[in-house]
Each structure stands twice: as structure tokens, then as C-alpha cells.
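Asker: Let the hints inform the model, and build the full structure from the sequences given.
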Amino acid sequence: MAGQGEASEPIERMNGHELAEVSPHHPMDRLLRRDRLPHIWCSGCGLGTALNCFLGALIQTKLDSNQVAIVSGIGCSGRVAGYVAMDSFHTTHGRAIPFATGLKLANPKLKVVVFSGDGDLIAIGGNHFIHAARRNMDMTVICVNNFIYGMTGGQLAPTTPISARTSTSPYGNTDHPFNLVYLAAASGATYVARWTTLHVRRLQRAIGEALLKPGFSFVEIISPCPTLYGRWNKQRSGLEQMAYYKEKSIIQHGADPRLADIDLNGQIVVGKFVDVEKKSYLELQQGSGGAGVQRRR
Amino acid sequence: MPDNVPLHGEFFISGDEACAEGALSAGCRFFAGYPITPATEIAERMAERMPDVGGVFIQMEDELASMNAVLGAAWGGAKAMTATSGPGFSLMMENLGLGIMTETPCVVVDVQRGGPSTGLPTLVGQGDMMQARWGSHGSYEIIALCPSSPQEFFDLTIESFNLSEKYRTPVLLMADEAVGHMTERVVVPPVESLQLYPRRKPTVPPEHYRPFEGDTNGVPAMACAGEGYRLHVTGLTHDERGYPATSTPDTQARLVHRLIAKIRDHRDDILRAQSDGLDDADVIVVAYGITARIALWPIEMARAQGIKVGWLKLITVWPFPEDLIRALAPRIKAFVVPEINYGQIALEVERCAAGQARTILVPHAGGEVHEPHVILDAIRDAARKKTRRRGDGETRRRGS
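First to last, the sequence lines map onto chains A and B. Numbering-wise (the working numbering), the first sequence opens with residue 66 and increments by one. Numbering-wise (the working numbering), the second sequence opens with residue 29 and increments by one.
Hints in this document: simulated from the structure, not taken from any laboratory. Mixed in with the good hints, there may be bad ones.
[Said to hold, decoys possible] Not the full set, but computed from the structure, chain B residues with beta-carbon under 10 angstroms of chain A:
| id | residue |
| --- | --- |
| 1 | Met-95 |
| 2 | Asn-96 |
| 3 | Leu-126 |
| 4 | Tyr-257 |
Yeah, the Cβ is synthetic: ideal placement off N, Cα and C, and Gly gets one too.
Answerer: The structure is reproduced here in C-alpha cells:
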């Protein structure tokens, strides 16, 4: 049996069994800023998985990573921007989407991805979210929804289910939450999907579809926050939250988004809700102001 | 004339329209805005003209979105601008800070109106001048210019873009409703004759590039998205690589110092002013925007009455021309500062005068320009009073 060498020495045998060779490289190294790792996320957090699925989708779709730009807001999800080895912009709270709009319109060759959380995108960022969806603006928006404001210590979010406990709803939340797939669909998004961090392969595929489709594509990722949301709502570990996803998720492609509400520890409808063809913002722009339109002089 | 080039020639247009044309002449190819009186015409002109030059106009859902879209567009490689008035300016403050912290070149126009709050949407004010300096949180420097005519509104928009690229900072163009809505002759030179400061790109390959290391005048070269540099840009305190560094006070000190010094240390380059009759003046009227023009007739009348009064028009208001005021103060009795607010730039004048000359504010609540006699009275008052001067035998002081 090989001795207790330094970490860089491969351990060839353990307990008499030959081990596979361990590479010092991760398959996604070229897309990660290794000098920024380890990341800040808690153990059991779904963000690592979400990021992994996103990078996997990028690799799978063979998009040129030199032309991909990630824009994030503020929160645990917002930190994704700092870990990807691509042009990345960690902007202000709620404002990733308008920043991404400007970025895309100034350089339409870029593939612009907004990666943020439920509070950032939907509370403070809600207005920008619905307008970008309405415009069918050419971007992919990934919302990591953990039903809470994690970074600041566990406050109520616009997605927190009724009766859930958070630090600003210590007696149980009494605000109706948003149903994000319904909100996105109603606002005009042309691609809407929801998966949990349990559904890694399907999530990666959905992100790939979202990336390749013109217009406003929205992917909601239901993700655990065991440190705060889970701990206060009877799912004290990441594993327990994943077990909940396993038990209560139901795959219904093409389901009516209106029927996809998520109650506390309740059913989670996942799948692809919307995938329609509608002219994107850029497609409409190319068509307007041209030869046929009478310009005021 | 082809449709796809900026204008060239003489025009009879409003200040707002001139601003839009100035931006296009400067190479602005992205405008995001939101309707607000009295700046709406800038957006409308941009909506009409951007297709002519192959640029982008988008009306965003609010001013916060507009400011952010402008920042995003700048990082997408475009010269970008927005225009608003007081209420919208307030909404833009947080993200102005993002632009300052990330050293994003862009231009923000504030066509000031009567305030506070909704105030007097269609009428002149100059009440946002201190907000221009301190409106965003934290310690920073900012560049702000004030036009006094549609021609200047055109010229200074170009100047604003140049300064924004040279110093990698948002530049505020603090106009007012009177200048924005007046119609005057504006000469638009051919684009080829303009001095335009281009965005300075890195000359080293990505692995050697430090996106937030100042190399010329403390200003870093700017790579944009999609150029292969794989930047990380954040509003968090960051090191020269652009990576967040929020646990080390050293990084904060280095970064904030550089952001401030790159402007403060070059204020001579940024200072623009016009003056007349300063050399033998007893009283100097210091003004900006429309008020600098309004002051001309009272000064003429005062001179006709034998008062030696100088005129100092501030074009650059921020960074404030401290050295200039400090140099003038010992030689005169008083500064007279008319402004359409209750004392904002007057505070700077008084601070820099450091007691060596009086500072007489001529305030105005807003809605109109000053009546000439009000400024004339202040000049006469300034000239009449004798004050203690350093190293001077004069000691008597009349009541204030």
C-alpha cells in the first residue's frame, strides 16, 4: 500500500485495491477561475450544482466561451460571476438584467447570460425582469431559487412559501409568493423551464436549450439553502432538501404555469413549461425603421 | 446629405436637440433613457437619429434600468449616454456609483428643473449641483460640466465623452431647463474635424493584463466583453485583477486612492472656465449654466456705475476649481454667487475663499432665472462693504 505521501502524489493502491488515476485537473477548469476557489458557498448549497450544470451546458452547446458574458446581481447566486473564467459582471442588486440588456445591444455577437437569485431578480429586480421578458430581449436568465435571502442572513423573499419561517417572518410568512414560471410566461418569456438541483442532467439540457434559443429564456433552478431556509423549515441538511425534491417533484412538460405554485414543503412541478416562437427584440429591431417605415423628417 | 452620418452645418435647434447631436458627433452609439421633462427631447431626438448612424436607442422601464443599460453598453464597447432630470437623477445614484467603481466611461445628462421632489417639471432649476458631487454613497471624485447655451450643450457633450474615456469615469453634464429648452444657432462641425478621445485598449495579451491597474494617469486601459480578455468586473472593492478583495484594508486604500487621484490630480486638465475682467476686480460674480449668462447684464450695469466687477463662468463645476478661487480671494472684496438654488456652489466658493473674501449668495427657489436687479444689488452690496483684509490696514466692517 502506498505511504502517506504529499497530496500531489497519486495514491495507487488502498486496502489492496488499485485506484483509478486521479487527475489534478477538473474537466471544467478552463471555464473556472481556479485562483478564486474554493468558493464561499455553504456545504449543501445548490449553487455549486447549478454552476456545474451551466458550465456543462456551455460545453455541450459548443458556444465560444470568449463570446459569453455572465451578468449577476447581489447575493449568493450573484457570486457565480466571480468564479467563471469568462467576461463576467457582478453588478448592483436587482440590476443585472438592464446591464445585460445594454451589453447585448451594444455587442449583439455576445451570448449574454444573467445568473442570479430569487430576491435579486424578482424583488428589487422584478420590474426589469418583466420588461425584459415582455421585450423578449435576447438573453438567458437563470434564477437560482432558494426561497430566501441567503447572503444577508435569511430574510423573506418574494418566493418564500406561506407559513415558512425566515428572519423577517419569524412567526411564519403571510405574503403570497410569486410563481416564477407563471410570472415569466405571463410577461412574455419564450422559453420557461424549472428543475431542481437534483435533476442535474435535465437541468443541464434545459440550460443548453435556453442558451441556444433567441429571445428571453428563463430557467428556474430550485436549490437548497440548508444553512438558513432549510434549517428553519424542517429540512436541516442539503441531503434532506434533496430528498424532498426527490419525493415531491413531478415532471410535467407543457404544464400550465398557473398551476405550478410551490407551497411549503409541497409539490414542485418541474419541466419545460414554455417553448414558443416569437420574434425576439433583436429580430424586431432588424425589421423596423427600414425601407418600409415612413421616417419623420 | 446621407442619412447615416452625424449632422454638419448650422442649425436653429434647442439645447436638448444639440445635446443629442453632440453625442452622435462624439461617436455615441447607445442611448437608453426614460421620459422626463425637460430632458425628454434628448431621448426623442436619439430615437429618431440613432438608426441614421447605426446606433441603438432603447426606452427603458425606468431610470435605474437606463443607467444600468448605459453601463452594460459601455462594457459592450459602445460610447453610451442617458439623459434625465432631478427625479431621475436621484434614481440613478446607486448605479452611478457602480460606474465610478468599475471605471465605466459614459455620459449622464441632467437637465435640471425646479425641485425638490416632483417640483416644477417644466421650469428651470440648478438644485442638483451638490447631488452631482455627492449623490452616490462612498468617497469618490466626479467630473461635471455645465453648458450655458445650446451651442455649449453640443460642444460640452463631446467634451464629456472625451473626458469620460480619458479618465474612465462617468461624466455628468449638468444642464438646466432654460438651456435645454431654448432655441439658438448651433454650429455642427464636420465629424472629421473633431478631436475625439478614443477608448484606450490594452496593448498586452490577456495573461498580462491587469484590468484595474492604472497605467496612464492612474487610469487603466479598458478591454471590453468579447475581446478575449475574460474580465471580471465587480462593484465590490477589488484588486488590480478585478477580483473582490473585501477582507484587506490595503486593497480598499489603494483602490479608493487611485480612483480619487486619477481625477483630483488632473483637475488642471479637466478645468474649463471663462472669465472677463478678473485682473482688477473688486467683486467677482461666479456662476454656471444659464445663470452665467443672466449675470452678464447686471455686471454691465455695475461697471457702468463704476464698480470693478469680474465675471467667472464655471464650465467645469466638479472637480471644483479650488485653486482658482483660492488665488482670486485675497485680491478682491467679495464673490457674488447667483444660482437657482439655496446655496450649493456658493458653499464651495466660500470654503475655498477661506475668509479672505466674502461670499454673497444670490439664491433663487427655482422656476425662473434671476431678475437682473437682484444680482446687481448683490454686486453693489459686495462692492460697498469694507472688510478686514489680511496684511491690510483696513479694519472697519459695516454691518452685514
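Asker: So, for every hint listed, does it hold in this structure?
Answerer: A quick look at each hint next to the structure:
| no. | hint | verdict |
| --- | --- | --- |
| 1 | Met-95 | 8 angstroms, holds |
| 2 | Asn-96 | 4 angstroms, holds |
| 3 | Leu-126 | 5 angstroms, holds |
| 4 | Tyr-257 | 7 angstroms, holds |
In the structure shown, no violation is registered for any of the earlier numbered hints.
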